[in-house]
Each structure stands twice: as C-alpha cells, then as structure tokens.
Amino acid sequence: MVFELLAAGANAAPQTQFGIKEALFPHGEPNWIGIAVLVILSIMLFGTLFILFTKWYDQSKILKQHDALKASFWRAGSLKEGAAKLEKDSAWRQIVDDGLAAEESHGKMTDAMEAHDWLHGSLARSEASINSTLGKGLAWLATTGATAPFIGLFGTVVGIYRALINIGIAGSASIDKVAGPVGEALIMTAIGLLVAVPAVLAYNYLQGRNKLISEKLSAFSTDVLAYINSKGAVRPAAAAAAKPAAVAAAAKQ
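Numbered by our numbering, the letters in the sequence shown go through residues 1 to 253 in order.
None of these hints come from the bench; they were simulated from the model.
The calculated lysine-lysine pairs, modelled on BS3-like cross-linking and capped at a C-alpha distance of 25 Å, are:
hint, residue 1, residue 2
1, Lys61, Lys88
2, Lys64, Lys80
3, Lys88, Lys136
Pair by pair, the computed Cβ-Cβ distance ranges are:
hint, residue 1, residue 2, range
4, Trp118, Ala233, 14 to 22 Å
5, Trp118, Arg235, 16 to 24 Å
6, Gly168, Leu193, 24 to 32 Å
7, Tyr205, Phe150, 18 to 26 Å
8, Val200, Asp89, 27 to 35 Å
9, Leu63, Thr143, 24 to 32 Å
10, Asp89, Ser218, 16 to 24 Å
11, Thr133, Ala219, 17 to 25 Å
12, Ala146, Glu114, 38 to 46 Å
13, Leu63, Ile165, 53 to 61 Å
The beta carbon of each residue, even a glycine, is placed where N, CA and C say it ideally should be.
With the hints as extra help, turn the sequences into a complete structure.
In structure tokens:
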C-alpha cells in the first residue's frame, strides 16, 4: 500500500528538469551572461590544467638533472669538462656557463673590481633568470584561485535576478517556481569553486617545488663560485664522500 502511494505521488509530480542547460537556456532563450561566465571559467580551468602539467614536467626534468649532476659533474677535471656532461638547455649548465663567462670577462675589465663580487653578481643574475622562468604561469593560477569563485558568484546573482523577474511576471511565488531557477543559478557558484580549488592547490604545489629547486640552484651556484675562486681547489664535500661510499658498496658485493 505504501509503495503504491509513493508510486502514485511520483507519477503525479511535475517532470520539470533543472540543471546547467536550463541555467544557460531558460525557457529556450540563451542567457548570454551565464554563457559568458561559463566560457571564462572553462578557459581558467583549461589554463590551470595546462600550466600544472607543463610546469610539473619542467620541474621534474630539472630535479632529475640535479640527481645526475651530483653523480658525475664534480668528478670532472674542470668546470668545462663537467659542463660538457650536462644537457645544453639545462638550468645547471646555464649556471656553469655564466660562471665561466664571468670569469673570462673579469680578466678583460679595466676597472678595479674584486673577482668574487663580479662572479657572485653574475651567478646571482643567472639564478634570478632561471627562477623567473620557473615562476611563469603561477600568476595565472593565483589569479584563477582568487577570482573564479567571484566570477561564478556573479553568474549566480544574475541568474537569481532573472529568475525573480520571471517569477514576478508569472505572478506566482510558490516553492516549485522559486527553487528551480534559484538552484540553476547556484550552479555557477559551484562551478566557480570547482575551478578555484584546483588552481589554489596547483599554485601551492608548484610554488613549493620551485622553492626546492631555488635552494638547490643557490647551493650549486655557491659551489661553482667557490670552485672558480679557488682555481679548482675547493669542491663540494659530497663529491669527495662519494668515492668511499662507492668503495664500501663494492666491498659488500
């Protein structure tokens, strides 16, 4: 008996559909503001995904190159020999090349300037250039995370306004007349949040990896500076400790 009553009530209920399609084309007429909001949010979302994957790939490549650098670079007889082992387009190769170029150009300078200061400034500019390249695109993520909810909210406000006008024209304010149009308008806010949250998460994730790379670049730049100033006498301690570790590993085998 209960199931029969529920079935009868379901059959008697009006089959009105509400959703994103009805929000963009209420009563079959295009809601141009809602469509524009959806297009903007879609562009923001695709831009966020593109930046996330491309920047992640670039960062992973640099970190992988750093692991290879630790294993072979400092075992070379000179910086030029070590640079030849690095990929030409790598950030680490750029620092070495800039350091060698600064060392060569300092010998041609007529003004009295300490070699350490000249080399330090040149390597600092090289680091800044690399960090600037890594930071490209993050402004898009920050802007998307900050503005997408409000763009979606704007679409919601316009949708509610249109719904209230239509309700006023119809002269009926019953719950079935109000809930549908207002619910459709709230979809825009939900879409705005769905776009903003991934952008914020991607920004924080990529920013953290950029900070890690920046620290590694700074340490490597300091090692290169010490190597040049000491004419090759000073090398990273990790490179010197690599040989005993390799010997111990060979002894275990």
